[in-house]
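Colleague: Using this note's numbering, read the sequence shown as starting at 1 and increasing by one per residue.
Source of the hints: derived by calculation from the structure; they are not laboratory data.
Note that the Cβ used here is the ideal one computed from N, Cα and C, for glycine as well.
Hints are supplied without guarantee of correctness; some may be wrong.
[Claimed, not checked] List time: in silico DSBU-like cross-link candidates among lysine-lysine, alpha-carbon distance up to 30 Å:
(1) LYS143 <-> LYS314
(2) LYS304 <-> LYS226
(3) LYS226 <-> LYS213
(4) LYS77 <-> LYS109
(5) LYS314 <-> LYS144
(6) LYS213 <-> LYS102
(7) LYS133 <-> LYS144
[To be verified] Label-pair restraints from in silico Cβ distances:
(8) ALA277 <-> VAL59: 13 to 21 Å
(9) LYS314 <-> ALA136: 25 to 33 Å
(10) LYS311 <-> SER276: 34 to 42 Å
(11) LYS314 <-> THR140: 26 to 34 Å
(12) ASP230 <-> GLY101: 38 to 46 Å
(13) GLY212 <-> LEU141: 21 to 29 Å
(14) LYS109 <-> ASN239: 37 to 45 Å
(15) SER24 <-> LYS311: 41 to 49 Å
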Amino acid sequence: MALGINLICCFQGDLWAQADSYPSRPIRLIITWPVGGFADTLGRTVANQLTTSLGQQVVVENRGGANGMIGADAVAKAAPDGYTLMFQSITSHAINPTMYGKTPYSTEKDIVPLAVIASVPLLLVENPNFPPKNIAELITLAKKDPDAIAYASFGNGSASHLAGALFTNQAGIKMIHIPYKGGGPAITDTLSGQTPLSFSAFGVALPHVRSGKLNALATTGPTRSKLLPDVPTIEEAGNLKGYEMSIVYAVWAPTGIPTPILNKISKALDQVTASSAFKEKVASDGGEVMNINTPAESQAYFQKEMQRLSKIVKDGNIKAD
Numbered sequence: 001m002a003l004g005i006n007l008i009c010c011f012q013g014d015l016w017a018q019a020d021s022y023p024s025r026p027i028r029l030i031i032t033w034p035v036g037g038f039a040d041t042l043g044r045t046v047a048n049q050l051t052t053s054l055g056q057q058v059v060v061e062n063r064g065g066a067n068g069m070i071g072a073d074a075v076a077k078a079a080p081d082g083y084t085l086m087f088q089s090i091t092s093h094a095i096n097p098t099m100y101g102k103t104p105y106s107t108e109k110d111i112v113p114l115a116v117i118a119s120v121p122l123l124l125v126e127n128p129n130f131p132p133k134n135i136a137e138l139i140t141l142a143k144k145d146p147d148a149i150a151y152a153s154f155g156n157g158s159a160s161h162l163a164g165a166l167f168t169n170q171a172g173i174k175m176i177h178i179p180y181k182g183g184g185p186a187i188t189d190t191l192s193g194q195t196p197l198s199f200s201a202f203g204v205a206l207p208h209v210r211s212g213k214l215n216a217l218a219t220t221g222p223t224r225s226k227l228l229p230d231v232p233t234i235e236e237a238g239n240l241k242g243y244e245m246s247i248v249y250a251v252w253a254p255t256g257i258p259t260p261i262l263n264k265i266s267k268a269l270d271q272v273t274a275s276s277a278f279k280e281k282v283a284s285d286g287g288e289v290m291n292i293n294t295p296a297e298s299q300a301y302f303q304k305e306m307q308r309l310s311k312i313v314k315d316g317n318i319k320a321d
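Can you make the complete structure from the sequences, with help from the hints?
Modeller: In structure tokens:
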């Protein structure tokens with residue numbers, strides 16, 4: 001009995017010793033997107049702010065591909081010591097098991113969210129020559145002429161694809177989905193009129209909206225964007241109760257990190273989301289900072305979103321390429 005108590009005390013003491021010295025070497029932050037684009041630059045902002053908060057360099061490693069699964073697999077296989085973290089959207093991570101049928105890791109058991117830090121909506125834009133000038137007119141046209149309207153997304157299974165799938169499902173209409181390899185090519189074809197509609201990132205579409213080359217029909221978030229306060233949400237414009245599709249970003253880690261180290265990381269992430277650099281970066285793409293900064297709360301949020309998003313994938317019959 002005494003031996004067991006001594007072993008427990010030694011183990012707990014070792015954990016606290018690890019926490020006291022953590023971090024003693026550089027931390028790796030795996031970003032599950034390629035270099036460039038908003039998600040990558042937001043992840044790098046997180047890395048820079050964590051470096052300041054933790055007093056140790058946080059090194060970015062981009063591992064894009066397979067809707068984030070390549071990076072997530074590397075994180076799942078990493079030691080649970082706090083020296084490997086992941087920047088990935090809840091949106092992508094949640095749908096992969098349903099969209100791909102299986103993943104090389106357990107989405108729910110091998111990787112855990114530490115904090116949910118930002119929510120960034122999309123913007124539904126149209127070519128000015130496209131006849132409908134609001135969501136109501138778009139729905140009316142789509143019902144009158146099913147499959148005659150196409151919309152662009154920045155990839156199969158992307159948040160913009162899900163935004164379109166949820167919209168068509170709730171509105172009771174059909175539109176042809178045209179997936180592109182990124183937001184740039186998608187918006188280029190909407191500018192030319194080849195694909196009249198696009199669910200686009202704010203940062204990609206906003207300059208064209210402000211120049212008059214594109215019309216903004218609605219945002220996909222729960223509230224109007226501060227960047228375009230006169231543009232309604234899809235929920236209000238289409239009378240589609242509960243409609244929302246935003247890209248929700250989180251910081252993740254391998255399961256099993258000791259609690260004292262988790263507490264240090266959580267405190268540092270609190271400082272990240274409170275920093276002006278992070279707030280300004282999120283706002284630049286029409287987003288809002290989220291402050292779900294404990295693993296337990298983050299996991300509860302993830303489970304709820306996983307159920308909601310998986311249903312959208314199933315209802316839309318969305319499959320991996």
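Colleague: Each hint: holds or not?
Modeller: Checked hints:
A threshold of 30 Å between alpha carbons decides the hint, and for LYS143 with LYS314 the separation of about 22 Å falls inside it, so the pair holds. For the suggested pair LYS304 and LYS226, the alpha carbons sit about 27 Å apart, so the restraint of at most 30 Å is met. Of the pairs offered as hints, the one joining LYS226 and LYS213 holds, with about 20 Å between alpha carbons and a cut-off of 30 Å not exceeded. Note on LYS77 and LYS109: the hinted pairing holds, with a Cα-Cα distance of about 12 Å set against a maximum of 30 Å.
Restraint check: the Cα-Cα separation between LYS314 and LYS144 comes to about 26 Å, which is no more than 30 Å; the hinted pair holds. At roughly 42 Å between alpha-carbon atoms, LYS213 and LYS102 are farther apart than 30 Å, so this suggested pair is violated. Annotation: proposed proximity of LYS133 to LYS144 holds, straight-line Cα distance about 16 Å (limit 30 Å). Between ALA277 and VAL59, the C-beta spacing of about 18 Å keeps the proposed range 13 to 21 Å intact.
At roughly 28 Å, the beta-carbon separation of LYS314 and ALA136 lies within the given 25 to 33 Å, and the hint holds. As the Cβ distance of LYS311 to SER276 is approximately 37 Å, the hint placing it in 34 to 42 Å holds. At roughly 27 Å, the beta-carbon separation of LYS314 and THR140 lies within the given 26 to 34 Å, and the hint holds. In this structure, ASP230 and GLY101 meet the distance hint of 38 to 46 Å, their C-beta atoms being roughly 43 Å apart.
The hinted window of 21 to 29 Å between GLY212 and LEU141 holds, with their beta carbons roughly 22 Å apart. At about 40 Å, the CB distance of LYS109 to ASN239 agrees with the hint of 37 to 45 Å. Roughly 44 Å separates the CB atoms of SER24 and LYS311, a value that falls within the hinted 41 to 49 Å.
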